[in-house]
Structures are given as C-alpha cells and as structure tokens.
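Taking the hints as your guide, dock the two standalone chains into a single complex.
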Amino acid sequence: MAELMEPVHQQDLTPEERKANVAKLIARWKVQKKQSEEESRARVKTPEYQKILKELRERNAAKGIIIPEE
Amino acid sequence: MNYEFAYVSGTQNSYTFQTTKLVVYEIKFTHTPYLFGEDSLLAPYVYEFSIIVADNPTGLNPVFDERTSHTVAAIFTHFYEQSDELITIYICDSSDGRQLTRQRKFNYWFYYFVKDDFVKYDDIIRDADGEKYPVSLILKERNPYKSQIVSEFIAIISGYNSDK
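One line per chain: the protein sequences are A and B, in this order. The C-terminal position of the first sequence is numbered 70 in our numbering, with every residue numbered one higher than the one before it. The C-terminal position of the second sequence is numbered 164 in our numbering, with every residue numbered one higher than the one before it.
Excised from the complex, chain B in its bound form (with noise of 0.2 Å):
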C-alpha cells in the first residue's frame, strides 16, 4: 500500500508525500529537452526525474522502505497517464561517488515496483573530466517511436563518450 501524495507544482512536475517517519518528499519530472537536441520532435516528451528530500526531522538517512517505493511507482505511473509518448531521464548523483550504488538502488526499484508496462535502457556518460554519471532512459513498453528513440539514446551517448 503506497501513501497519499499530491500534485504541488505545475512547473516541475511536482509530487510530494510524507513518510510515517516524516521525512517529505518530493518526486519531480523537469523538462529537459538537450538530450536528443532542442529541436527535435522528441523535445517536448523529455523529464529529466528526481527524487528529493525536502525535509527530514529524523536527521538520519532516510530509508527508502517498501511503502515508499510503492509511492513513487504510483507517482511515476500517475505521471505517464499524460501521454504514452512522454520519455524519462534519470541521470545518478555523482558528487559524492556514490552513485553506482544509487544507480543499483535504482534498478531494484524500478524492476520490483515499477509496473510491466515500462521499459528502461541504461548507459553511462563520461564527462570532460572523466567524471561517469550513469543514466537510464524510461519509456512506455507500447511507444510508437521505442525502437528509433532507444537506437538514438546509445548513438547519442556512445558517440559522446568516443573520445574520452
């Protein structure tokens, strides 16, 4: 069973919910439309998602419990009820190196509590200074564009990395 959350800004896509531990959180989809350029057709489809932790009492890490990932799966499905063509970008936090585990966090979430109807492609960017920033790609199984916008996806990305 997931908490009650609501829909708080229009802006940002975003949610918010609050835990029985009551840590807040708010669950946000930005439009980013560089990945595939500013003027391509897929340009408006594209939210980069976060999750953030707006206030935390307990002063401790908050631990991401079964309750709350079935949230953010409801959030997240609640979401894409815009639109089957909409495309999500989930880029892992790297500035405290830790974001290979977010990234296995993430994976287990998404394939545990994430409905069937979902797909999701990884890949990781390496930046001007070496820094790797792993990054996913989440789509709607039964999108008209799938196999174009994945084969896009790892063109973009490995021809980004070809020289570093």
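Extracted from the complex, chain A is given alone in its bound form (with noise of 0.2 Å):
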C-alpha cells in the first residue's frame, strides 16, 4: 500500500455500488458465520487438533495455570 495514491478508491463507485458492496458484506457474513462455527466444531474433534490442546496444556501449566484433562 506504499504507493498508494487514492487509498480507498471509491470516488468512480456510484452510490449504488457503495450499497451493493455493503450488502454483499452482510450477505457473505451471514452465511460465512455458520459455515466457520460448523468447521472449528468438527475440527477441534481431530487428533491433530488434539494435540495442539495438549501443547497449550503443557505450556500453560509451565506458567502455572493448570488445564484439567477432559
């Protein structure tokens, strides 16, 4: 972004396109919301996950905060 000139750019959008990128926003968060809830719920059931849980348990309880095992 170092050579920016116009940082936002949105002068050649008419106010109609300003909307449309609004509601394109809220569109995509909407449905973007509950895919990614879905996806961390089944992956923090994985072994791979797992382990990672297991290393922060570990260095948690280095500084004395201890994670009980499940």
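It cannot be assumed that every hint is accurate.
Straight-line distance between alpha carbons at most 30 Å, and here's what the computed DSSO-like set of lysine-lysine pairs gives [claimed, not checked]: (1) Lys21(B) to Lys24(A); (2) Lys120(B) to Lys34(A); (3) Lys140(B) to Lys24(A).
Because the hints were derived from the structure by calculation, they are not lab data.
In structure tokens:
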C-alpha cells in the first residue's frame, strides 16, 4: 500500500455500487459465520487439534495455569 | 496473565486457546474485501474478526473472564504485527436479538484490554429488512491512511442506511 495515491478509491463508485458492496458484506458474513462455527466445532475433535490443545495445556502449566484433562 | 494460544490455520487466520473451564475458543480474522469494494486498494487489508466457541463441555454459557479477555487482546495484537495497515471489522451477531448487548461487551473489552495504539469507530448497518447490525472498524492509530479510511467507512455506512 506504500504507493497508494487514492487510498480508498471510491470516487468512481456510484452510490448504488457502494450499497451493493455493503449488502454483499452482510450477506457473505451471514453465510460464512454459520459455516465457520460448524467447521470449528468439527475440527476441534480431530487428533491434530487435540495435539495442539495438549501442547497448550503443557505451556499453560509451565506458567502455573492448570487446565484439567477432559 | 493470558492463556497460551496457537495459530491453527492460514486460510482464515485462526487462533485457538483453551480455558480452565475447558472451553475452546477460536479467534478468526477472515479476509473480506467487500466493505470498500473488491477493486479497492484497501481490499487486501480488510479482515473480519470473530470469536467462536469451538468446544464447550460445560453446557453452560461460557464466561468471558479476565484471562480470556487478555488472551483475545494478545491474539489481536499478534495478528496486527504483520502490518500497521491491516483493517478489522467486527459485526455483532443479531440472530438472537442480543446484538446491542454484544456491542456493549465488545466495547468494554476493546477499551479495557486492547492496547492504546488501536482506534475503533462504530456504526450500525440497517439491512433491507430493517435488521440492525452494530459494526466496528478497528485500525492502528499509526495507520498512514487512517483519516481517509474512517471517512470512507462513515460515508459507506451512512449511504447504505440512507433509504432504510
């Protein structure tokens, strides 16, 4: 972004195009939010993820924060 | 003191940590180029911030305690270490009608826990159905384009809401 002359570059957009951008932002957010939550809840059960949590428990324990095993 | 956290995914910039109550949170920064337009030179720098409860064996509403708050703030700072020019937006979920409560909690968290070198601007998006979505724009105080970005954010949102 170092060579940015017009940082936002919205001057060429019509009010309708700006509104369409916000509408797209909200629409995508609604869809993606649900997908993202489902992905996270599925992923946390995987062995790879459980390994990460185990390592975090060990690192936490090293500074005195004890997270019990499930 | 914050919990230890780990970076778990490159595609959504996901971080994870687990609390002493065994609640697992994921903090995500998802690239979202739409706010300023996909062709905007700012588009590569815009991310949506979200907090997801990935696992909650307690079955109770997780308490966002002080250590959790410090951890989310530490993750936020870590993400911004990539570039001072990153822009984050946070949209409060309105699906259960509690979006204004979420906004209050988010504001408290931001002003109490996040370092002073960040700034936040709030607005409300009203969609075609009249639903209100509190939205926050967060950027580094030293972002060289701060004033232009904030001006454009205000113009975009007010323009969008003008006929609602």
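Outcome of the hint check:
A hinted pair counts as satisfied when its Cα atoms are at most 30 Å apart, and lysine 21(B) with lysine 24(A) does not qualify at roughly 37 Å. With a CA separation close to 25 Å, the supplied pair lysine 120(B) and lysine 34(A) stays within the 30 Å bound. Taking the CA atoms of lysine 140(B) and lysine 24(A), the gap is about 25 Å. The hint holds against a cut of 30 Å.
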